[in-house]
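Trainee: Sequence:
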Amino acid sequence: MPFELHPNLKNKLFITDLKLSRVLLEDNSHYPWIFLVPRRENISKIMDLTAQDQIQLLHEMDYAQNVFEHLFHPTQINVAAIGNKTPQLHLHIIARDSEDPAWPGTVWDHTAKKPYTEEKREEIIQLLTHSFSEISLNN
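As numbered in our numbering, residues 1 to 139 make up the sequence shown, in order.
I should point out that these hints are in silico values taken from the structure, not numbers from a laboratory.
Keep in mind that this is a model prediction, so the values were computed, not measured.
It is possible that some hints are incorrect.
[As the list claims (entries may be wrong)] Calculated cross-link-like contacts (lysine-lysine; reagent style DSSO-like; alpha-carbon spacing at most 30 Å):
#1 Lys10 <-> Lys45
#2 Lys113 <-> Lys10
#3 Lys113 <-> Lys85
#4 Lys19 <-> Lys45
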């Protein structure tokens with residue numbers, strides 16, 4: 001069965017495919033926010049992945065955090081795998097800044113979204129695509 005995104009993830013912006021995960025961008029300019037979605041069917045928890053896939057996901061998560069650190073110099077990087085509303089395994093990786101509108105709370109406490117302008121959307125997609133191209137080519 002081919003990989004398919006859960007309906008709640010289909011409206012996210014495509015960045016790239018890594019060895020294991022699809023990288024998607026949340027269209028919310030308040031925070032640099034991506035998702036790592038392992039391209040495996042019927043997986044809802046990290047423990048459902050094979051040991052090899054768990055290790056690969058950890059490598060991809062680490063790489064994503066390094067990309068965010070390098071590009072955005074955040075105060076904190078939040079990583080979460082929740083899945084209550086979207087049962088397909090996906091990791092949220094969010095660059096947080098002490099000046100962002102939800103700080104110091106969670107991004108889920110601040111429900112007002114601010115979509116990227118078309119120009120900013122294209123800019124961040126290109127920036128992230130370029131930053132992730134090194135790992136997708138080498139892994």
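Trainee: Would the pair lysine 113 and lysine 10 pass a check requiring their Cα atoms to be no farther apart than 30 Å?
Mentor: Holds, at about 17 Å.
Trainee: Measure nothing beyond the straight line between the CA atoms of lysine 10 and lysine 45; if it is 30 Å or shorter, mark the hint as holding.
Mentor: holds (19 Å)
Trainee: Check the hint pairing lysine 113 with lysine 85 against an upper bound of 30 Å on the C-alpha distance.
Mentor: Distance ~18 Å between lysine 113 and lysine 85 Cα, so the pair holds.
Trainee: Tell me if the straight-line CA distance from lysine 19 to lysine 45 falls inside 30 Å.
Mentor: Holds, at about 18 Å.
Consistency with the previously given hints is maintained throughout, with no hint failing.
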